[in-house]
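J.: Please put together the full structure from these sequences, using the hints given.
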Amino acid sequence: MKHSMHDWIANLIAAPKKRAMPILSFPCISLMDISVEQLTADASLQAQGMKMVADRTPACAAVSMMDLSVEAEAFGAKAQFLPGEVPTVKDVLVRSMEEAEALKVPVVGAARTGKYVEAIRQACRLIIDRPVFAGIIGPYSLAGRLMGVSDIMMDCYEEPEAVHAVLQKATDFLIAYAQAYKEAGAQGIVMAEPLSGLLSPALAEEFSEPYVRAIAQAVKSHDFLVIYHNCGNNTLFMLDSILRTQCDGYHFGDA
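If you want the numbering used here, it's the position in the sequence shown, counting the first as 1, plus 1333.
Among the clues, some could well be false.
[As the list claims (entries may be wrong)] The calculated DSBU-like cross-link candidates involving lysine-lysine, where the alpha carbons are at most 35 Å apart (straight line), are: (1) Lys-1437 with Lys-1423; (2) Lys-1350 with Lys-1437; (3) Lys-1411 with Lys-1350; (4) Lys-1515 with Lys-1350; (5) Lys-1351 with Lys-1437; (6) Lys-1437 with Lys-1411; (7) Lys-1411 with Lys-1448; (8) Lys-1384 with Lys-1351; (9) Lys-1423 with Lys-1351; (10) Lys-1423 with Lys-1448; (11) Lys-1411 with Lys-1351; (12) Lys-1437 with Lys-1448; (13) Lys-1411 with Lys-1384; (14) Lys-1350 with Lys-1423; (15) Lys-1350 with Lys-1384.
[To be verified] Cβ-Cβ distance ranges computed for the label pairs, FRET-style: (16) Ser-1429 with His-1339: 40 to 50 Å; (17) Leu-1345 with Pro-1534: 27 to 37 Å; (18) Gly-1447 with Ser-1368: 19 to 29 Å; (19) Gly-1417 with His-1555: 35 to 45 Å; (20) Asn-1566 with Pro-1349: 25 to 35 Å; (21) Met-1487 with Gln-1413: 21 to 31 Å; (22) Ile-1346 with Ser-1554: 17 to 27 Å; (23) Ser-1554 with Glu-1418: 16 to 26 Å; (24) Leu-1576 with Ser-1554: 34 to 44 Å; (25) Thr-1390 with Met-1487: 19 to 29 Å; (26) Met-1487 with Leu-1572: 23 to 33 Å.
If you are wondering where the hints come from, they were derived from the structure by calculation, not from laboratory data. As the structure is a prediction and not an experimental result, all values here were calculated from the model. Beta carbons are placed, not taken as given, at the ideal position from N, Cα and C, and that holds for glycine.
T.: Next up, the structure:
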């Protein structure tokens, strides 16, 4: 399904009946009678799960797994799997400026990232009645998983240079990761940046906005959209900053 995605957006806006874009990847485990860990380790299961959800919903697009551990795992973090729960990141990798400078940017394909790209490739062959979007984490949310969700909040004040160093490496990887999804056939990405929703507007403007914008500018095109997602508590206060990221669309809240 290749055409102008900007036309797709215009048609969605113009349609008298609006269509939602729910993110329903993990609930497919109940349809498939498998575990979350099995789903996250198998590209074919992920593609089949996306197809099953698409067949059962009138969603305007099919969105892949919103697994916010996979990119951190590629950097060397340990992912933790608990029965029936979304995987989480267990350990802190970066605790100082020295460790930030030593952090290596992984290649796309490290850890489970190759499986997730392959899942999109297969899903694009299975789902032909609507766009297929890949889910990726946002730069600040990734940095938070590498530096510790609580620790990075303090580091924004006490060690901002270290935070920026990790953010730049996160951004470099996410650009390459998004490009891999584009080459696999995805019509766009849904970038989840919820951790920035815990920041003050001023901190979000410094530590999230420029990096999200850099990713969007690097990968978006007439046939590949960047959709920004944030379900953080301060999202309403960050709207000016969020809109300056120049993404193609914005997706807020959760259920």
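J.: Compare the structure with each hint and give your call.
T.: Status of each hint after checking the structure:
no.: 1; hint: Lys-1437 with Lys-1423; result: holds, 19 Å
no.: 2; hint: Lys-1350 with Lys-1437; result: violated, 47 Å
no.: 3; hint: Lys-1411 with Lys-1350; result: violated, 44 Å
no.: 4; hint: Lys-1515 with Lys-1350; result: holds, 29 Å
no.: 5; hint: Lys-1351 with Lys-1437; result: violated, 43 Å
no.: 6; hint: Lys-1437 with Lys-1411; result: holds, 15 Å
no.: 7; hint: Lys-1411 with Lys-1448; result: holds, 17 Å
no.: 8; hint: Lys-1384 with Lys-1351; result: holds, 21 Å
no.: 9; hint: Lys-1423 with Lys-1351; result: violated, 39 Å
no.: 10; hint: Lys-1423 with Lys-1448; result: holds, 21 Å
no.: 11; hint: Lys-1411 with Lys-1351; result: violated, 40 Å
no.: 12; hint: Lys-1437 with Lys-1448; result: holds, 21 Å
no.: 13; hint: Lys-1411 with Lys-1384; result: holds, 29 Å
no.: 14; hint: Lys-1350 with Lys-1423; result: violated, 43 Å
no.: 15; hint: Lys-1350 with Lys-1384; result: holds, 23 Å
no.: 16; hint: Ser-1429 with His-1339: 40 to 50 Å; result: holds, 44 Å
no.: 17; hint: Leu-1345 with Pro-1534: 27 to 37 Å; result: holds, 29 Å
no.: 18; hint: Gly-1447 with Ser-1368: 19 to 29 Å; result: holds, 20 Å
no.: 19; hint: Gly-1417 with His-1555: 35 to 45 Å; result: holds, 41 Å
no.: 20; hint: Asn-1566 with Pro-1349: 25 to 35 Å; result: holds, 33 Å
no.: 21; hint: Met-1487 with Gln-1413: 21 to 31 Å; result: holds, 23 Å
no.: 22; hint: Ile-1346 with Ser-1554: 17 to 27 Å; result: holds, 20 Å
no.: 23; hint: Ser-1554 with Glu-1418: 16 to 26 Å; result: violated, 36 Å
no.: 24; hint: Leu-1576 with Ser-1554: 34 to 44 Å; result: violated, 20 Å
no.: 25; hint: Thr-1390 with Met-1487: 19 to 29 Å; result: violated, 41 Å
no.: 26; hint: Met-1487 with Leu-1572: 23 to 33 Å; result: holds, 26 Å
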